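Protein chains in written order, with this note's numbering: chain A, 1 to 111; chain B, 112 to 227.
These are computed hints drawn from the structure, not numbers from a lab.
Predicted, not measured: the structure shown is a model, and the values here were computed from it.
Take these hints with a grain of salt, some might be off.
Unchecked claim - Okay, derived cross-link-like pairs now, DSS-like style, lysine-lysine, Cα gap no bigger than 30 Å in a straight line: (1) A:K17 with A:K55; (2) A:K71 with A:K55; (3) A:K3 with A:K71; (4) B:K131 with B:K177; (5) B:K177 with B:K125; (6) A:K3 with A:K55; (7) A:K71 with A:K59; (8) A:K57 with A:K17; (9) A:K3 with A:K57; (10) A:K63 with B:K152; (11) B:K125 with A:K17; (12) B:K125 with A:K3; (13) A:K17 with A:K71; (14) B:K152 with B:K175; (15) A:K3 with B:K177; (16) A:K3 with B:K152; (17) A:K63 with A:K3; (18) A:K71 with A:K57; (19) A:K17 with A:K63; (20) B:K166 with B:K177; (21) B:K152 with B:K131; (22) B:K125 with B:K175; (23) B:K152 with A:K59; (24) A:K57 with B:K152; (25) A:K17 with B:K152; (26) A:K59 with A:K17; (27) A:K71 with B:K152.
Claimed, not checked - Chain A residues, not near chain B, derived (Cβ > 10 Å throughout): (28) N7; (29) Q34; (30) V45; (31) P82; (32) S85; (33) L99; (34) T103; (35) T108.
Unchecked claim - Chain A is nowhere near these chain B residues, computed Cβ spacing over 12 Å in every case: (36) A113; (37) K166; (38) E170; (39) D199.
Note that CB positions come from ideal geometry on N, CA and C, so glycine has one too.
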Amino acid sequence: SQKIEQNSEALNIQEGKTATLTCNYTNYSPAYLQWYRQDPGRGPVFLLLIRENEKEKRKERLKVTFDTTLKQSLFHITASQPADSATYLCAPSGGANNLFFGTGTRLTVIP
Amino acid sequence: GAVVSQHPSRVICKSGTSVKIECRSLDFQATTMFWYRQFPKQSLMLMATSNEGSKATYEQGVEKDKFLINHASLTLSTLTVTSAHPEDSSFYICSASYGLAYNEQFFGPGTRLTVL
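Whole structure, please, built from the sequences with the hints as guidance.
Structure (structure tokens):
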């Protein structure tokens with residue numbers, strides 16, 4: 001069955017630095033991959049979607065890459081701010097309706 | 112736009128009782144709604160997918176007789192946890208989509224269920 005792993009459960013970085021989060025998947029080939037942000041006690045909020053034929057996608061301070069050979073996506077937040085502190089979830093998808101989420105990485109940006 | 116609400120936000124009930132959670136898409140018609148469950152410090156686990164007017168499709172290991180899903184309209188889906196037990200205590204989150212090719216889902220704020 002498909003397996004989705006995010007590099008670490010928690011990541012602490014200094015304000016202003018670039019945060020890099022990793023999402024690895026096995027046992028399937030997603031047509032696209034989504035990243036979500038989840039704050040404690042709240043539902044996830046959609047951030048970015050990248051398709052299998054796209055290498056990189058940017059939105060303001062966010063950048064996502066998608067390497068279908070490595071079966072990996074990297075999520076970068078540049079010039080990180082304390083307000084970026086949250087749990088980030090990746091969700092590769094094969095094109096059907098369903099989304100299956102990774103384990104999440106809890107990011108803390110230290111002022 | 113694309114706002115999804117859930118009610119109630121928190122519920123505490125006694126073991127053996129049934130609890131109904133509502134999920135509404137406020138400003139769009141949702142062709143598909145999803146129900147997830149999230150235990151502390153774990154990721155979201157998809158429970159079931161429902162389309163308006165159709166029976167829900169449950170993920171493996173989710174008891175359809177225990178978690179009743181009704182999707183009566185394009186803006187409302189309900190999840191009823193029947194004969195709830197303490198192990199059903201969790202954070203239940205719904206989401207809705209309206210048929211975008213790449214299925215962006217809009218999530219509700221979640222419902223915290225505590226079964227005593």
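Outcome of the hint check:
Between K17 (chain A) and K55 (chain A) the CA atoms are separated by roughly 23 Å; this keeps the pair inside 30 Å, and the hint holds. Restraint check for K71 (chain A) and K55 (chain A): the C-alpha separation of about 12 Å stays at or below 30 Å, so the hint holds. Under the criterion of a C-alpha separation no larger than 30 Å, the hint pairing K3 (chain A) with K71 (chain A) is consistent with the structure, at around 11 Å. About 12 Å separates the Cα atoms of K131 (chain B) and K177 (chain B), which keeps this hinted pair within 30 Å; it holds.
Our distance criterion of 30 Å between C-alpha atoms is met by K177 (chain B) and K125 (chain B), whose separation comes to about 16 Å. In summary, the hint linking K3 (chain A) to K55 (chain A) is supported, as the alpha carbons are separated by about 22 Å, within the 30 Å threshold. Of the supplied pair hints, the one linking K71 (chain A) and K59 (chain A) holds, its CA atoms being roughly 22 Å apart against a limit of 30 Å. Taking the CA atoms of K57 (chain A) and K17 (chain A), the gap is about 20 Å. The hint holds against a cut of 30 Å.
Restraint check for K3 (chain A) and K57 (chain A): satisfied, since their Cα atoms lie roughly 23 Å apart, inside the 30 Å limit. Distance hint between K63 (chain A) and K152 (chain B) is fulfilled; the C-alpha atoms sit about 25 Å from each other, no more than 30 Å. Restraint check for K125 (chain B) and K17 (chain A): the C-alpha separation of about 48 Å exceeds 30 Å, so the hint is violated. For the suggested pair K125 (chain B) and K3 (chain A), the alpha carbons sit about 36 Å apart, so the restraint of at most 30 Å is broken.
Of the pairs offered as hints, the one joining K17 (chain A) and K71 (chain A) holds, with about 26 Å between alpha carbons and a cut-off of 30 Å not exceeded. Our distance criterion of 30 Å between C-alpha atoms is met by K152 (chain B) and K175 (chain B), whose separation comes to about 25 Å. With a CA separation close to 27 Å, the supplied pair K3 (chain A) and K177 (chain B) stays within the 30 Å bound. As the CA atoms of K3 (chain A) and K152 (chain B) are separated by approximately 18 Å, the hinted pair is consistent with the 30 Å bound.
Between the alpha carbons of K63 (chain A) and K3 (chain A) the distance comes to roughly 23 Å, so the proposed pair stays at or under 30 Å and holds. Pair hint K71 (chain A) plus K57 (chain A) holds up; C-alpha atoms about 16 Å apart against a cutoff of 30 Å. Taking the CA atoms of K17 (chain A) and K63 (chain A), the gap is near 14 Å; set against the 30 Å cutoff, the hint holds. The hinted pair formed by K166 (chain B) and K177 (chain B) meets the criterion: a straight-line CA distance of about 15 Å does not exceed 30 Å.
Of the supplied pair hints, the one linking K152 (chain B) and K131 (chain B) holds, its CA atoms being roughly 24 Å apart against a limit of 30 Å. Between K125 (chain B) and K175 (chain B), the direct Cα distance comes to roughly 21 Å. Compliance with the 30 Å bound is thereby established for this hinted pair. For the suggested pair K152 (chain B) and K59 (chain A), the alpha carbons sit about 28 Å apart, so the restraint of at most 30 Å is met. A distance of roughly 28 Å separates the Cα atoms of K57 (chain A) and K152 (chain B); the hinted pair therefore holds under the 30 Å criterion.
Simply put, K17 (chain A) and K152 (chain B) have alpha-carbon atoms about 25 Å apart, close enough for the 30 Å limit, and the pair holds. At most 30 Å may separate the alpha-carbon atoms for a hinted pair to count; K59 (chain A) and K17 (chain A) meet this at roughly 17 Å. For the proposed pair K71 (chain A) and K152 (chain B), the alpha carbon gap of about 25 Å is at most 30 Å, so the pair holds. For N7 (chain A), the requirement that its beta carbon stay farther than 10 Å from each beta carbon of chain B is met, with the minimum near 14 Å.
The non-interface label for Q34 (chain A) is inconsistent with chain B: the shortest C-beta to C-beta separation is roughly 7 Å, within 10 Å. Here V45 (chain A) does not stay apart from chain B, with its beta-carbon only about 7 Å from theirs, under the 10 Å limit. The beta carbon of P82 (chain A) is kept farther than 10 Å from every beta carbon of chain B, the shortest such distance being approximately 21 Å. Listed as outside the interface, S85 (chain A) is consistent with that label: its C-beta sits roughly 16 Å from the nearest C-beta of chain B, beyond the 10 Å cut-off.
Remark: the non-interface label on L99 (chain A) conflicts with the geometry, its nearest Cβ contact in chain B lying 6 Å away (cut-off 10 Å). Under the 10 Å C-beta cut-off, the non-interface status given to T103 (chain A) relative to chain B is violated; the minimum distance is some 5 Å. Here T108 (chain A) stays apart from chain B, with its beta-carbon at least about 14 Å from theirs, past the 10 Å limit. Here A113 (chain B) does not stay apart from chain A, with its beta-carbon only about 9 Å from theirs, under the 12 Å limit.
The claim that K166 (chain B) lies off the interface holds: its Cβ sits roughly 15 Å from the closest Cβ of chain A, which is beyond the 12 Å cut-off. Separation of E170 (chain B) from chain A is inadequate, the least Cβ-Cβ distance of about 8 Å not exceeding the 12 Å criterion. The beta carbon of D199 (chain B) sits about 18 Å from the closest Cβ of chain A, which is more than 12 Å, so the claim that it is off the interface holds.
Checked against the numbered hints above, the structure violates hints 11, 12, 29, 30, 33, 34, 36, 38; every other hint is satisfied.
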